Amino acid sequence: MNLVWNDNTPDSRGHVWVSQTTNAGASWTHPRPVANLPCQTLLPSIAVNPRGAIGVGYYAYRQCAPGTAPLADAWFASSTDRAAPWRTLRLAGPFDMRSAVNLPANAATGQLPGAFLGDYTGLTPLKDGFGAILILPKPYAPVGQQGVFFRRISTR
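In my numbering, the protein residues as written are 13 to 168.
These are computed hints drawn from the structure, not numbers from a lab. All figures in this text were calculated on a predicted structure; none of them were measured in a lab. Mixed in with the good hints there might be a few duds.
Pairwise CB distance ranges, derived in the manner of DEER restraints [unchecked claim]:
{"no.": "1", "residue 1": "Pro137", "residue 2": "Ala81", "range": "17 to 25 Å"}
{"no.": "2", "residue 1": "Asn14", "residue 2": "Gly79", "range": "32 to 40 Å"}
{"no.": "3", "residue 1": "Ser39", "residue 2": "Ala81", "range": "40 to 48 Å"}
{"no.": "4", "residue 1": "Phe161", "residue 2": "Thr21", "range": "27 to 35 Å"}
{"no.": "5", "residue 1": "Asn118", "residue 2": "Met13", "range": "29 to 37 Å"}
{"no.": "6", "residue 1": "Gly156", "residue 2": "Arg94", "range": "38 to 46 Å"}
By construction, the Cβ of each residue, glycine as well, lies at the ideal position given by its N, Cα and C atoms.
With the hints as extra help, turn the sequences into a complete structure.
Okay, structure coming up:
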């Protein structure tokens, strides 16, 4: 079983980590870095294909200085050697997060205000790679504020 998460530090650095277990979660490997970036990361997802390749999808901001446009990219990283090293591929971007759906704060659910791409992102294992489901705002979305996209990724 594999676990992926992001960790954004107070200085705005963004990290994506992977850990693995072979005993149903009784113990986990030391976290291995997938991405160590200068700006925040979000919405990581993970899958393992039939050939044993690990795939991780995530979004990452390009700029994090106050007053700069919130440009982001969608990324994919893969490893065929138990989470080290990682090969990265930009799936989409840049796009301006201000063009994503802007949610108001909701005290009942704990929702913070701001741009929201959606929860419906992820990876699925394919025989020779992965399938990525991406939520992308304009200019990628042909209708409305954002759209759902599929991308086939080969790891051969």
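Hints the structure violates: just list their numbers, smallest first.
Hint check: 1 fails alone, others pass.
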